[in-house]
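2 protein chains.
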Amino acid sequence: MDNGTQYAPKYFMIAREIIGGIKDGRLKPGMKVPSENEIISRYKVSNTTARKCLQSIEDQGYIKKIKGKGAFVREGSIVRPATRILSFTRNMLEAGLKPSTKVLDVRVLAENYSAEIGGRLYTLRAPVCKIHRLRLADDIPMMLEVRHISLSLCPGIEKEDFTQSLYDIYEKRYRHRLSNVYQELGATMIDSGIQDFFDLSEPIPALLVNGVSFCGREVILEMEKSIYRGDKYRFLVGAT
Amino acid sequence: MDNGTQYAPKYFMIAREIIGGIKDGRLKPGMKVPSENEIISRYKVSNTTARKCLQSIEDQGYIKKIKGKGAFVREGSIVRPATRILSFTRNMLEAGLKPSTKVLDVRVLAENYSAEIGGRLYTLRAPVCKIHRLRLADDIPMMLEVRHISLSLCPGIEKEDFTQSLYDIYEKRYRHRLSNVYQELGATMIDSGIQDFFDLSEPIPALLVNGVSFCGREVILEMEKSIYRGDKYRFLVGAT
Numbered sequence: 003m004d005n006g007t008q009y010a011p012k013y014f015m016i017a018r019e020i021i022g023g024i025k026d027g028r029l030k031p032g033m034k035v036p037s038e039n040e041i042i043s044r045y046k047v048s049n050t051t052a053r054k055c056l057q058s059i060e061d062q063g064y065i066k067k068i069k070g071k072g073a074f075v076r077e078g079s080i081v082r083p084a085t086r087i088l089s090f091t092r093n094m095l096e097a098g099l100k101p102s103t104k105v106l107d108v109r110v111l112a113e114n115y116s117a118e119i120g121g122r123l124y125t126l127r128a129p130v131c132k133i134h135r136l137r138l139a140d141d142i143p144m145m146l147e148v149r150h151i152s153l154s155l156c157p158g159i160e161k162e163d164f165t166q167s168l169y170d171i172y173e174k175r176y177r178h179r180l181s182n183v184y185q186e187l188g189a190t191m192i193d194s195g196i197q198d199f200f201d202l203s204e205p206i207p208a209l210l211v212n213g214v215s216f217c218g219r220e221v222i223l224e225m226e227k228s229i230y231r232g233d234k235y236r237f238l239v240g241a242t
Numbered sequence: 003m004d005n006g007t008q009y010a011p012k013y014f015m016i017a018r019e020i021i022g023g024i025k026d027g028r029l030k031p032g033m034k035v036p037s038e039n040e041i042i043s044r045y046k047v048s049n050t051t052a053r054k055c056l057q058s059i060e061d062q063g064y065i066k067k068i069k070g071k072g073a074f075v076r077e078g079s080i081v082r083p084a085t086r087i088l089s090f091t092r093n094m095l096e097a098g099l100k101p102s103t104k105v106l107d108v109r110v111l112a113e114n115y116s117a118e119i120g121g122r123l124y125t126l127r128a129p130v131c132k133i134h135r136l137r138l139a140d141d142i143p144m145m146l147e148v149r150h151i152s153l154s155l156c157p158g159i160e161k162e163d164f165t166q167s168l169y170d171i172y173e174k175r176y177r178h179r180l181s182n183v184y185q186e187l188g189a190t191m192i193d194s195g196i197q198d199f200f201d202l203s204e205p206i207p208a209l210l211v212n213g214v215s216f217c218g219r220e221v222i223l224e225m226e227k228s229i230y231r232g233d234k235y236r237f238l239v240g241a242t
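If you're matching them up, the sequences are chains W and H in order.
Here the first sequence is numbered in this note's numbering, starting from 3 and rising by one per residue.
Here the second sequence is numbered in this note's numbering, starting from 3 and rising by one per residue.
Treat the hints loosely; a few may be bogus.
It does not matter which identical chain is meant; a pair holds if it fits inside one copy or across any two.
Claimed, not checked - Mimicking DSSO-like on lysine-lysine, the simulated pairs with C-alpha atoms at most 27 Å apart in a straight line are:
#1 Lys66 with Lys25
#2 Lys12 with Lys34
#3 Lys227 with Lys54
To be clear, the hints were calculated from the coordinates, so they are not data collected in a lab.
Excised from the complex, chain W in its bound form (with noise of 0.2 Å):
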């Protein structure tokens, strides 16, 4: 796959090279990229070619066209692989970025914590440490998540420093390691009641994770919840 490019037609070679100038930082987030006359004269293609091209940026999701203003970089997207567990901090590492967390809440609950997920029900016993966290990655929000994590395995979580990555907690603190993890991705909007976490002054489309993790067979470690904002965050998976 990797020689594909050399079959490419013209449009997609302009357009590589526009996405690699974004990719590597020289066009940054808000900046405005070549317009369809600056392309023509630059690369000596037709208007069609031209505009083709710019089409194939906005479809990848790079670009933003502002009405009589021209087209404008996007804060890039993060591909998620969907079938390996990874935390939040480490996806934003391998991507390049800087995560970072806030701590929106943390409570000890008496009472067990049950959701459906795949048409099964699972369910955490109590007690149960609930989290409420924002992720952030170069200072901007992510992800919103509430996660419910098992006491009886992690006594005395609820003190922990919740800005770490939980799997780091898990790990060098419990000797737990997450042996797999059911998720279920579903569609949803970031809106009113959660808009302002996001700095977002308008609703956008996000993906909405449900799932349940295990350290060892049928074992529940934890529970989670929750919300990617759909404009930076895509989740890859392969089929067999």
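Knowing the structure of chain W, use the given hints to seat chain H on it.
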């Protein structure tokens, strides 16, 4: 996990019973579910429990509250296993629904088709057959898709009856079996442009799927771009 319910709280047991009624068809889409007061008197529980019960059913996506009118059963959700190659047709049949397809457009293109999936560029070489279809379940529009198919691998496919499963055509007519699929799942909106296809009067969030399908090592058979309505679909993923 199967005995998870024996530890479930009371509100959850009642929610489960009501959801059971929705699942087995006693409570059909559009029908009203018991109100808070009806739950209190029928199950002899507190109003807190009754409220939590309805909230839980709503959180799981089974009902929709309408102000001043009560809570009503929503159209059921379909869970699609994302790591298993599965045609829409089979996915619907396994969910007990009757799949159907409306072919919107078929054309043969002399240009390569390229798309970036998971940060990698994939190119399907010309000529390609481009198909635009609406997929329905029990006559309800579920998913809108554009597929580009290799005409070198499937010569003459443009003359096929595309109300059938494409995977069946690949296998039966061309003896091609999909070996693996990569898909990028993102969030988008079903709004003005395509709302009519779904018989929707208001925009709703949706899942956007960009995929590439291989038959054999590195041989691209088709590429897909689909929009699944968010009120009906969830994708299930396992990570290890």
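Query - Numbers of unmet hints, in rising order - result: Hints that this structure does not satisfy do not exist here, as all of them hold.
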